[in-house]
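J.: Generate coordinates for the entire structure from the input sequences, incorporating the hints supplied.
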Amino acid sequence: MIRHLVLFKLNDGVSRDEDRVQTGARAFAALEGEIPELTSWECGWNITDRPIAYDFAINSAVADTDALKRYLEHPAHQAAAAQWREFATWVIADYEF
Numbered sequence: 001m002i003r004h005l006v007l008f009k010l011n012d013g014v015s016r017d018e019d020r021v022q023t024g025a026r027a028f029a030a031l032e033g034e035i036p037e038l039t040s041w042e043c044g045w046n047i048t049d050r051p052i053a054y055d056f057a058i059n060s061a062v063a064d065t066d067a068l069k070r071y072l073e074h075p076a077h078q079a080a081a082a083q084w085r086e087f088a089t090w091v092i093a094d095y096e097f
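Just so you know, we're using our numbering here: the sequence shown kicks off at 1 and counts up by one.
Honestly, I wouldn't trust all of these hints.
[Stated by the list, open to error] Estimated spans, in silico, between C-beta atoms of each pair:
(1) Ser15 <-> Asp64: 31 to 41 Å
(2) Arg70 <-> Asp49: 29 to 39 Å
(3) Gln78 <-> Thr39: 11 to 21 Å
(4) Asp12 <-> Asp64: 32 to 42 Å
(5) Gly13 <-> Asp66: 32 to 42 Å
(6) Asp64 <-> Asp17: 33 to 43 Å
(7) Asp66 <-> Glu18: 35 to 45 Å
(8) Tyr95 <-> Asp19: 26 to 36 Å
(9) Asp19 <-> Ala63: 31 to 41 Å
(10) Arg85 <-> Asn59: 15 to 25 Å
(11) Val91 <-> Thr65: 13 to 23 Å
(12) Ile92 <-> Pro36: 15 to 25 Å
(13) Gly44 <-> Phe97: 12 to 22 Å
(14) Arg20 <-> Pro75: 15 to 25 Å
Simulated from the structure, these hints should not be mistaken for laboratory data.
In this text, a Cβ means the ideal position worked out from N, Cα and C, and glycines have one as well.
T.: Put into structure tokens, the structure is as follows:
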């Protein structure tokens, strides 16, 4: 199994209350059940105000590297990620567990 973690940081001046940001969050939430490769899916907003914290997180799992590739290339994932490119940056970690 592979864990796929993504942490998003909103760009300076961008608020999570903006319509485009809320639309982006809903786009990621909608991936649960839409992409067969995902064996687990969690996403949500950070709840702490620590200065080193990121704003939004995705915690998901897939069976193997082939499944990860299919997930990343899936049109729904591509569309959701494209929305976030407009207002955020992110870091990822993929690891076996």
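J.: Let me make sure I understand: some of the numbered hints might not hold for this structure. Which ones are they, in numerical order?
T.: No hint contradicted; all consistent.
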